[in-house]
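The whole structure should be built from the sequences, with the hints applied where relevant.
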Amino acid sequence: MSGDTSALTLILSGDPGLYRIIGLSLVVSLSAVACAAVIGIPLGALIALTRFRGRDGVIVVLNALMGLPPVVVGLGVYLALSRSGPLGSFGILFTPQAMIIAQTILVTPIIAALTRQTVEDLWLEYRDELAAMDIGPAARIGTLVWDARFSLMTALLAGFGRAAAEVGAIIIVGGNIDGFTRTMTTAIALETSKGDLPLAIGLGIVLIAIVVIINALAWAARRTGERYAG
Amino acid sequence: MIALRNVTAAIFALALVTAQPATAQDKSIVVASTTSTQDSGLFEYLLPKFKEKSGITVKVVAQGTGQALDTGKRCDADVVFVHARAQEEKFVADGTGVKRFPVMYNDFVIVGPKSDPAGIKGAKDVAKALITVKDKGAPFFSRGDRSGTHSAELALWKTSGVDIEKDKGTWYKSLGQGMGATLNTAAASNGYTLTDRATWINFKNKQDLAIAVEGDRKLFNQYGVMLVNPAKCPSVKKDLGQAFIDYLVSPHGQQDIAGYRIDGQSLFFPNATDAGT
Numbered sequence: 009m010s011g012d013t014s015a016l017t018l019i020l021s022g023d024p025g026l027y028r029i030i031g032l033s034l035v036v037s038l039s040a041v042a043c044a045a046v047i048g049i050p051l052g053a054l055i056a057l058t059r060f061r062g063r064d065g066v067i068v069v070l071n072a073l074m075g076l077p078p079v080v081v082g083l084g085v086y087l088a089l090s091r092s093g094p095l096g097s098f099g100i101l102f103t104p105q106a107m108i109i110a111q112t113i114l115v116t117p118i119i120a121a122l123t124r125q126t127v128e129d130l131w132l133e134y135r136d137e138l139a140a141m142d143i144g145p146a147a148r149i150g151t152l153v154w155d156a157r158f159s160l161m162t163a164l165l166a167g168f169g170r171a172a173a174e175v176g177a178i179i180i181v182g183g184n185i186d187g188f189t190r191t192m193t194t195a196i197a198l199e200t201s202k203g204d205l206p207l208a209i210g211l212g213i214v215l216i217a218i219v220v221i222i223n224a225l226a227w228a229a230r231r232t233g234e235r236y237a238g
Numbered sequence: 010m011i012a013l014r015n016v017t018a019a020i021f022a023l024a025l026v027t028a029q030p031a032t033a034q035d036k037s038i039v040v041a042s043t044t045s046t047q048d049s050g051l052f053e054y055l056l057p058k059f060k061e062k063s064g065i066t067v068k069v070v071a072q073g074t075g076q077a078l079d080t081g082k083r084c085d086a087d088v089v090f091v092h093a094r095a096q097e098e099k100f101v102a103d104g105t106g107v108k109r110f111p112v113m114y115n116d117f118v119i120v121g122p123k124s125d126p127a128g129i130k131g132a133k134d135v136a137k138a139l140i141t142v143k144d145k146g147a148p149f150f151s152r153g154d155r156s157g158t159h160s161a162e163l164a165l166w167k168t169s170g171v172d173i174e175k176d177k178g179t180w181y182k183s184l185g186q187g188m189g190a191t192l193n194t195a196a197a198s199n200g201y202t203l204t205d206r207a208t209w210i211n212f213k214n215k216q217d218l219a220i221a222v223e224g225d226r227k228l229f230n231q232y233g234v235m236l237v238n239p240a241k242c243p244s245v246k247k248d249l250g251q252a253f254i255d256y257l258v259s260p261h262g263q264q265d266i267a268g269y270r271i272d273g274q275s276l277f278f279p280n281a282t283d284a285g286t
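Chains A and B, in that order, are what the protein sequence lines are.
Residue numbers for the first sequence follow the working numbering, so the first one is 9 and each next one is one higher.
Residue numbers for the second sequence follow the working numbering, so the first one is 10 and each next one is one higher.
Honestly, I wouldn't trust all of these hints.
[Unchecked claim] To give an idea of the interface, some chain A residues facing chain B are shown, with a C-beta separation under 10 angstroms as derived from the structure:
| id | residue |
| --- | --- |
| 1 | 63 |
| 2 | 65 |
| 3 | 84 |
| 4 | 86 |
| 5 | 89 |
| 6 | 90 |
| 7 | 91 |
| 8 | 93 |
| 9 | 99 |
| 10 | 125 |
| 11 | 184 |
| 12 | 185 |
| 13 | 188 |
| 14 | 199 |
| 15 | 207 |
| 16 | 210 |
No wet-lab data here; the hints were simulated from the structure.
Where is the CB? At the ideal position from N, CA and C, for every residue including glycine.
Spelled out as structure tokens, the structure:
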């Protein structure tokens, strides 16, 4: 991307560099949300439906982890994936995979905590009914998560919002490499440091527009789903 | 559990997509370099030329010199391309780098508001200019990030006989930021700062800033490149990394560096063949 162009002309002219950056942003953040959902939804539901010692403590910690500082997560993942770190032999520092791992760590607590709250509320509502059906805990979790699926979409969107917006973690573990690990947020940081503030703000507007579009698609999907689910 | 199955399928699909760059990375190296070489636009100009000749993709991670050397030390880069000679020589001396090759130079300049509150504009002696900035208490923004430019700034204070750790007052602000961010701050608050000329020329948010001091021999800024030692870091791509270094110091690469100009101004001056740099 050269500095003499505005973000709008880059979009309209189909600048391949910009489209690659947008594509990578979406791939990284959506992958992270998907991974975080696989871990976070069952985990949140499990905590919602089980009673154990120290459960209150676990819930407080889980809620607090929603505010994990990205730069700290980035540094932790960096040290772990560094060639001289414990997972260095994988050689995935400064790759999109490393960025997905960092964002998964950021997003999982958000999805788990919001799932826990949603499922627990639903459980209080349906407790007697489910108890009467006399089904095992696993089936109970499955039933409640399925019933809560439309509300859980909000949890996924919250997680996606967090992932798409953060720069602190991915700029450390990805390295902001041109054409390889550069995303919308790291490109904005770079253009700002080059002093090209108009291009930086233009990219920012593009990023916000993409997040709005994703949310609109999710909302439409929810509406359609609710209609068919009756 | 249809939702979960869908999610798992989506992950596999995304994993396939993200795995794609991994296959293209066979002939690529990671170069830890400085914010000045990136913010100045040199790599965007130079790397496609190198790729065309060699087929090697160079992935640049732009950090401050201190952090870039640390990245090399951790074996996370194949080549380190920075500008702080003393630190580079130490990097080679302790066996982390193989050999240091001087590549090119430019110079540092002190930029400040056009109104020039410290009255240092046109000063020929950078040491005297810095003492004046301190005496007048004019706002000065330091990188404060152990970068090459930060090291150079600290050395200049030392030459001026100013013990900056002791003498810094509220006028001296240490930012801990890259060159561009520091220039943005200086521009927004009408302060002075030390910058390399290449970043300055390519910087687009100059606002009311202009060059105040330039041309003193003490403002010389040398860049050097080193291969990370494969004996210490077996993951280093020795041949590809050395090919990049060989290109930079070759007549062809040196010519390419000299050819990087903005508005008719050269940003870097090749000097790989000069002794003692």
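Have a go at the residue 207 of chain A hint: is there a Cβ in chain B nearer than 10 angstroms to its own Cβ? Status holds, d = 8 angstroms.
Hint validation: residue 184 of chain A versus chain B, beta carbon distance must be below 10 angstroms. Holds or violated? 7 angstroms, holds
For the hint on residue 199 of chain A, does the least C-beta distance to chain B fall short of 10 angstroms? Since the shortest Cβ distance to chain B is 9 angstroms, the answer is holds.
So, residue 63 of chain A near chain B? Judge it on the closest CB pair being under 10 angstroms. 24 angstroms, violated
Is the hint on residue 125 of chain A kept, meaning its closest Cβ partner in chain B is under 10 angstroms away? 18 angstroms, violated
Double-check residue 93 of chain A for me: the hint is only fine if its C-beta lies closer than 10 angstroms to a C-beta in chain B. The hint holds - residue 93 of chain A has a Cβ within 10 angstroms of chain B, the shortest such distance being about 8 angstroms.
Hint validation: residue 86 of chain A versus chain B, beta carbon distance must be below 10 angstroms. Holds or violated? Check passed: Cβ of residue 86 of chain A comes within 9 angstroms of chain B, closer than 10 angstroms.
Residue 89 of chain A was flagged as interface toward chain B. Is the shortest Cβ-Cβ separation under 10 angstroms? 9 angstroms, holds
Going by Cβ atoms only, is residue 185 of chain A closer than 10 angstroms to chain B? With Cβ-Cβ at 4 angstroms, under 10 angstroms, it holds.
Evaluation of the interface hint that places residue 91 of chain A against chain B, nearest CB under 10 angstroms: 4 angstroms, holds
Does residue 65 of chain A pass the interface hint, meaning its C-beta sits closer than 10 angstroms to a C-beta of chain B? 28 angstroms, violated
Identify whether the interface hint at residue 99 of chain A stands, where standing means a beta carbon of chain B within less than 10 angstroms of its own. Since the shortest Cβ distance to chain B is 6 angstroms, the answer is holds.
In the structure shown, a violation is registered for the earlier hints numbered 1, 2, 3, 10, 16, in ascending order.
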